[in-house]
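Asker: Protein chains in written order, with the working numbering: chain A, 1 to 419; chain B, 420 to 677.
One thing to keep in mind: the hints can contain errors.
What the hints assert, rightly or not - DEER-style ranges, computed between Cβ atoms:
| hint | chain 1 | residue 1 | chain 2 | residue 2 | range |
| --- | --- | --- | --- | --- | --- |
| 1 | A | I320 | B | E670 | 57 to 65 Å |
| 2 | A | N180 | B | G552 | 30 to 38 Å |
| 3 | B | D616 | A | N246 | 57 to 65 Å |
In short, the hints are calculated from the structure, not lab data.
Quick caveat: nothing in here was measured; it's all calculated off a predicted structure.
Built from N, CA and C at the ideal position, the CB exists for glycine as well.
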Amino acid sequence: MKDSMYGRFGGQFVPETLMPALTELEDAYKLYKDDPRFLKELGNYMKEFGGRRTPLYYAANLSKKYGIRIYLKREDLVHGGAHKLNNTLGQALLARYMGKERIIAETGAGQHGTATAMAAANMGFKAEVYMGAKDVMRQHMNVYRMELMGCEVHAVRSGSMTLKDAINEALRDWVTNVQNTHYLIGSVVGPHPYPMIVRDFQSVIGKEVREQILEKEGRLPDSIVACAGGGSNAMGIFHPFIKDENVMLYPVEAGGEELKNTDREALHSSSLCIGEEGILQGAHTLILQDRYGQILESSSVSAGLDYSGVGPELAHLADIGRITPCNVSDHEALEAFYELSRMEGIIPALESSHAVAYVMKTAETGKLGDLVVINLSGRGDKDLETVFRLRESKEGEETKTVEDKKEPDNKINDKEVCL
Amino acid sequence: MRIAEKFAELKRRKDKALIAYVCAGDPSVEATKEIVHALVKGGADIVELGLPFSDPVADGPTIQEASTRALKAGMNPDLYFEMAASIHENVPLICMTYYNLIYKRGTEKFARDCASSGITGIIVPDLPSEESGELHEACKRNGVDLIFLVTPVTSDLRIKSILGMASGFLYIVSRLGVTGQRTDVAGSTKDILNRIDSRVPKAVGFGISNKEQAAEVIHAGSDAVIVGSAFVSIIASGDNVNSRIERLAHEIKQSCIN
Ligand SMILES: Cc1ncc(COP(=O)(O)O)c(C=O)c1O
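Generate coordinates for the entire structure from the input sequences, incorporating the hints supplied.
Answerer: Right, dumping it as structure tokens:
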């Protein structure tokens with residue numbers, strides 16, 4: 001098996017222009033990843049700037065209601081409000097060791113863009129972030145945050161105007177400016193070595209969980225549940241447990257409206273659950289595509305999960321049965337968003353709400369065991385507007401009577417928002 | 420027609436080649452057939468027919484938009500091969516597309532469909548040599564050339580290994596970046612042409628849009644120029660397309676004639 005592969009997944013399907021840059025990145029990563037000076041500096045950033053280590057919080061109220069012991073790994077408390085900073089600090093520091101001057105990134109929900117802007121501002125890089133025009137609309141607070149930190153945000157109007165198109169545009173920028181620029185990819189996707197590097201930087205989550213759960217419970221959890229868009233928070237928490245066969249690992253994908261594809265789009269973002277093998281943005285992985293191999297636009301209430309592919313290592317782990325892909329619908333995720341807010345006083349990101357929803361939905365069946373860790377990958381402040389608009393439109397629909405069946409004006413319909 | 424035959428024919432005349440790119444099905448199958456005819460009439464020696472992909476990462480805005488138009492108009496791989504089979508021009512046809520469309524159809528079937536519809540070369544901008552093994556074998560079995568790209572940042576070592584696999588011609592990317600028209604092509608091109616000692620012809624592309632640039636590239640030692648976005652822009656304008664395409668092809672071809 002080649003270094004760049006996870007089973008038959010992974011690889012480097014990129015333009016020739018990028019091949020030297022990928023080699024340079026891999027060489028630099030191998031050189032510094034165990035270098036005490038690099039590790040010390042990174043550890044310091046993670047602790048003093050990022051606020052690590054994050055708590056592993058025993059959710060007493062949830063646990064009582066669902067009759068199992070539920071812990072939340074509080075990545076929502078990382079500086080910036082999501083796990084994304086773990087990776088951006090690592091890669092930005094690596095870029096500095098490599099002597100790069102400029103950093104580019106893609107972003108979906110704007111969380112990775114924000115975390116990139118934070119790391120870049122702090123470490124003195126010029127940063128530019130590509131963001132789908134549709135996401136710029138639904139996550140505009142994050143656009144302001146990025147701009148405040150001196151980062152330039154480009155709205156991408158090609159394709160579906162979401163994360164996938166932002167990655168395309170970032171790749172085009174990188175092909176053009178590869179000599180002075182580091183492409184700081186935000187998830188465990190793209191060509192090798194990115195899936196490996198991002199996983200390693202995010203593995204701090206799982207390493208901490210391991211220590212913390214042993215401290216608190218004296219044993220490993222029965223299952224770990226994490227939402228999966230590209231899959232970085234999932235791989236980050238899963239990776240240190242891969243060899244512990246008794247720990248069940250559940251990546252929860254966005255089931256969207258319905259687990260169905262039309263000719264042009266998927267009504268969900270569940271590539272691990274019902275995707276097919278293909279090549280997207282540098283990697284052989286599971287993707288949403290039509291019968292000819294054209295990429296289908298994905299859909300989800302949460303911008304951060306709205307992606308037509310998934311990291312190749314997750315595709316491999318699903319293939320060999322080590323992880324159990326599952327999904328919850330937009331509706332279930334929203335219910336979990338409300339319930340966690342009310343019951344624990346923690347407002348989760350809509351992405352993370354998917355993981356919470358899966359536990360709420362399946363705790364009773366017993367299949368998760370008695371001790372569950374949920375990766376609470378981010379906080380929900382960025383999503384308040386989306387949630388309120390959805391609630392208004394729902395209430396609007398309910399107060400409308402049968403005489404009026406036309407589309408409610410304030411319905412937050414992606415197609416309306418985007419243009 | 421195989422690419423090597425065309426280059427042999429040109430060599431006898433001491434001419435260099437004009438390779439023209441257009442996106443199949445932009446704006447319709449019928450239009451593409453007429454455009455190909457106009458290109459050949461104007462002097463194009465080889466025609467690259469883009470098979471449009473939803474996510475063309477190596478392309479700039481001009482070809483991205485062409486791909487979108489073609490996909491909206493219903494272009495797909497089945498139609499593409501049908502269309503190719505119905506083109507009877509005396510030039511080699513080359514398929515340029517992204518790897519997922521090939522992977523999904525199956526590398527063997529894709530190569531076979533190329534061969535049986537008269538396409539004698541394939542260019543895949545997101546398939547570096549490391550990942551090309553399976554398609555390369557399929558191409559060899561079906562008598563189709565898999566064309567590799569090299570760029571100004573490709574090391575001598577990589578160039579050597581790529582040359583070991585190259586057939587048809589070597590696609591030299593004039594400078595870093597995506598496809599699209601540019602003003603500065605000459606500098607880095609000369610440098611890379613000098614570095615390459617190739618047994619297959621060298622063709623320079625990405626950014627060449629007029630006869631002056633073509634002349635510079637030919638003068639720098641290239642065996643061919645590849646022109647794409649300049650033709651695609653004419654198609655996008657919708658204005659007098661066939662005659663303007665023919666005229667531009669003719670103009671640029673003049674720079675390739677001894
Ligand atoms: C809070 C949060 N969780 C999860 C994700 C999904 O990304 P990944 O699957 O890489 O963890 C995002 C992406 O923006 C996010 O902001």
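Asker: Work down the list of hints and note, for each, if the structure agrees.
Answerer: Quick rundown of the hints versus the structure:
no., hint, result
1, A:I320 - B:E670: 57 to 65 Å, "58 Å, holds"
2, A:N180 - B:G552: 30 to 38 Å, "33 Å, holds"
3, B:D616 - A:N246: 57 to 65 Å, "59 Å, holds"
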